[in-house]
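So you can see what is in the structure, the chains are spelled out below.
There are 2 protein chains.
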Amino acid sequence: MSAAAQPVASDALWESGWSVAGGQITGSAIRELLKLTEQPEFISFAGGLPAPECFPAEEIGLASERVLAAGAARALQYGPTEGYPPLREFLAGLLAARGLALDASQVLVTSGSQQGLDLLGKLLIDIGSTVLVEEPTYVGALQAFRPYQPRFAGVPLDEHGLLPAALETVLAELAAIGRRPAFLSTVATFQNPTGVTLSATRREAVLDIAVRHGLRIVEDDPYGELRYSGEALPPLAALDIARHGEPRHVVYLSTFSKLLAPGLRVGWAAGPAALLQRMALAKQGLDLHTGSLAQAIAFESCRDGLLERQIPRIRRIYGERRDAMLQALELSMPPGVRWTRPEGGMFLWLTLPEGSDASALLARAVEQKVAFVPGPAFFANGGGTNTLRLNFSYAPPARIVEGVERLAQVIGQR
Amino acid sequence: MSAAAQPVASDALWESGWSVAGGQITGSAIRELLKLTEQPEFISFAGGLPAPECFPAEEIGLASERVLAAGAARALQYGPTEGYPPLREFLAGLLAARGLALDASQVLVTSGSQQGLDLLGKLLIDIGSTVLVEEPTYVGALQAFRPYQPRFAGVPLDEHGLLPAALETVLAELAAIGRRPAFLSTVATFQNPTGVTLSATRREAVLDIAVRHGLRIVEDDPYGELRYSGEALPPLAALDIARHGEPRHVVYLSTFSKLLAPGLRVGWAAGPAALLQRMALAKQGLDLHTGSLAQAIAFESCRDGLLERQIPRIRRIYGERRDAMLQALELSMPPGVRWTRPEGGMFLWLTLPEGSDASALLARAVEQKVAFVPGPAFFANGGGTNTLRLNFSYAPPARIVEGVERLAQVIGQR
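For the protein sequence lines, the chains are A and B, in the order given.
If you use numbering that gives the first Met the number 0, the first sequence corresponds to residues 0 to 413, in order.
If you use numbering that gives the first Met the number 0, the second sequence corresponds to residues 0 to 413, in order.
The hints are simulated quantities; they were obtained by calculation from the structure and are not laboratory data.
Since we're looking at a predicted model, the values are computed, not measured.
Among the clues, some could well be false.
What the hints assert, rightly or not - In silico lysine to aspartate or glutamate, DMTMM-like type, Cα no more than 25 Å apart, as pairs:
hint	chain 1	residue 1	chain 2	residue 2
1	B	LYS34	A	ASP102
2	B	LYS368	B	GLU88
3	A	LYS368	A	ASP356
4	A	LYS34	B	GLU81
5	B	LYS34	B	GLU57
6	B	LYS34	A	GLU81
7	B	LYS368	B	GLU404
8	A	LYS34	A	GLU329
9	B	LYS34	B	ASP356
10	A	LYS34	B	GLU88
11	A	LYS34	B	ASP102
12	A	LYS368	A	GLU40
13	B	LYS34	A	ASP356
14	A	LYS368	A	GLU52
15	A	LYS368	A	ASP303
16	A	LYS34	A	GLU81
17	A	LYS368	A	GLU329
18	B	LYS368	B	GLU37
One chain only, chain A, in its complex shape:
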């Protein structure tokens, strides 16, 4: 009673007293950079923005008109947590075309694939659980998982994706101390941040390992359709279903953000029914459901084949930009700088000479009005000091060339 009777200073009630997770949540380099580089004179390779000239604004406008003229009572109302039923049906068809034989009940609409990561973190991670991540990995996955307080174990990758032998070693080490990881998180195709793609052989090897170790895999596939060269590869989830006749090891996340528009915030999760049901229950506590209007617009936009027109267009535009960036790097980068040569996606990965510091470089690059994301943001446990990520989807080719030249100059001045 006496403690309660003491007056409590109330002007700092929201500056401490965070949960352990809340106390650890801090800003990201990407976040600050996105703000900084909104100024038009900047050439930003930092963001992960699709090119707005690829947005099918007219089609989305017409779809929105149709939805609001004919189905407003439904599109403006609360909807089922699992998603707008016609959209789930459509997504089942889209997944079938990607090699995932699933029905609509195995699809959950999410608020971008980012929400799929948060949901899986919530359902699968306890404090101290081990989560396997690529090294480097998508920074948004780290942000989604960190509040659940896992330990991250990194699996290194090279130009053919994550190294199966390294994965096996990490799993064996964990098994030796009686542990099993919560899951492996991977962007197998046109990885963020490196742009590399897991080879066909390694896909099978990773699934062999998954079977041997009872490993759960979270495959985030926002970029898979954005291939500019080389041969298409089935998602890990498709190979998993092909092996077992049903999804066993892999839950698959994807999104309309790179195919239609990120502003819709419509993504999806697909996989084992038991998992999907529990994800839907958890999602109810998060936001009840993803926007009905956005889902109805996405469905109405796509039902007449918009994606079949969009995808070749995006491939052409981004493919030119990738080529422009690769060529500019070739022409202007000083010796000792290496980079990946992605067959698709939105990013490539630059490695500076040993001993370089990309974060220090950024400060000087910003003075020259060019921006990128320094590599350390993508490493769960430190590292990557001499690496950085470049986006090639946003700026037009001429700006890409100009930006790479600025960047090369800054690097050369070391």
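Fit chain B to the given chain A structure using the hints.
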């Protein structure tokens, strides 16, 4: 190494191995009922759905056209996590009209106010933290907080809202064992599920207690504008700001779901800047940001005064429905049944005679094609067996009368 070499049965990988939180996530009565009562012959008092005839579909359609004609590049792109800047400005003005003198930097756009609850749970609750909730409380708040594994301490309420003396007692008991709660969660105005409103005197008393105990308060206010009788009361958050010249104790959540349309999934949090900044950082990991298109449409719909036209219209329609329900209850309920008489909102609360079981009653009500939510769903720690929630915003008056008669018959048949 030997453990790793053992084959692991992989056909049940997603049926166990949940996190502690994930293992506890289960369905809710509301959820199952909403599915059941989608059939048209049902008269459902179960959901919390706004009446679709109140949706400003035409205005939203025109707003959508304007947004996509003039601002598609922005409305379809990724946006700032804090929200679409013109909408944040608009919301600051709306909050000022509700008595909350805040600027746009103290507003965070969320994916419905439900996401505000999840974010606050993430930032403020550790395993075993005490969260104070009204008894009964909004079931969505319980769903949002439960995955963070708090203990709930209930604060009872009567027809004038939560009991300040009971709040003081709970806080004193906690203080005596050296604990302070993470926060108090309250719907002070037209509470869900009971429809009761915290009186003016009690609002001041609750804030006095907050000052004395250094108590943080989460005020969820989705219904405040929906008043059909009685005098308007300022939100707790407004009184907090009036006392201290800035938000000290109260973070305020609200939404467009009941004023425009829930299908937009646009809500907001407002309060202390330090908290709002951290909520924005946490939100990045959840869904990057709330849909840009939905935010732009909400802003474009409202900028010319739509809410000023909407609110009186909704008040008139829902006010008639509340009156129809109260009158029908008066006319048809058997003796011994009591109910609240809300001055606004969407729900009222029925108490059956001692010893009755509302869940058992529901099974029989469903046979008569009438539905409600049994009270126990709204109690964090059990109780409420003989209580139930009725929604009066969705069904037209004649259907309400018919539904109450069906319900009265079922209750009378006990």
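Against the structure, the hints come out as follows:
With a C-alpha separation of about 20 Å, the suggested pair LYS34(B) and ASP102(A) falls inside the 25 Å cut-off, and the hint holds. For the hint pairing LYS368(B) with GLU88(B), the CA-to-CA distance comes to about 46 Å; that exceeds 25 Å, so the pair is violated. Between LYS368(A) and ASP356(A) the CA atoms are separated by roughly 18 Å; this keeps the pair inside 25 Å, and the hint holds. Our distance criterion of 25 Å between C-alpha atoms is met by LYS34(A) and GLU81(B), whose separation comes to about 12 Å.
A distance of roughly 28 Å separates the Cα atoms of LYS34(B) and GLU57(B); the hinted pair therefore is violated under the 25 Å criterion. Proximity of LYS34(B) to GLU81(A) is assessed by CA-CA distance (about 12 Å); at most 25 Å being required, the pair is judged to hold. For the suggested pair LYS368(B) and GLU404(B), the alpha carbons sit about 11 Å apart, so the restraint of at most 25 Å is met. In summary, the hint linking LYS34(A) to GLU329(A) is not supported, as the alpha carbons are separated by about 30 Å, beyond the 25 Å threshold.
Simply put, LYS34(B) and ASP356(B) have alpha-carbon atoms about 22 Å apart, close enough for the 25 Å limit, and the pair holds. Taking the CA atoms of LYS34(A) and GLU88(B), the gap is near 18 Å; set against the 25 Å cutoff, the hint holds. With a CA separation close to 20 Å, the supplied pair LYS34(A) and ASP102(B) stays within the 25 Å bound. For a cut-off of 25 Å, the pair hint linking LYS368(A) to GLU40(A) stands: about 7 Å separates their Cα positions.
The straight-line distance between the Cα atoms of LYS34(B) and ASP356(A) is roughly 56 Å, outside the 25 Å bound, and the hint therefore fails. Annotation: proposed proximity of LYS368(A) to GLU52(A) holds, straight-line Cα distance about 22 Å (limit 25 Å). Simply put, LYS368(A) and ASP303(A) have alpha-carbon atoms about 42 Å apart, too far for the 25 Å limit, and the pair is violated. Of the pairs offered as hints, the one joining LYS34(A) and GLU81(A) is violated, with about 34 Å between alpha carbons and a cut-off of 25 Å exceeded.
Under the criterion of a C-alpha separation no larger than 25 Å, the hint pairing LYS368(A) with GLU329(A) is consistent with the structure, at around 21 Å. Simply put, LYS368(B) and GLU37(B) have alpha-carbon atoms about 11 Å apart, close enough for the 25 Å limit, and the pair holds.
Of the hints listed earlier, those the structure fails to meet are numbers 2, 5, 8, 13, 15 and 16, in rising order.
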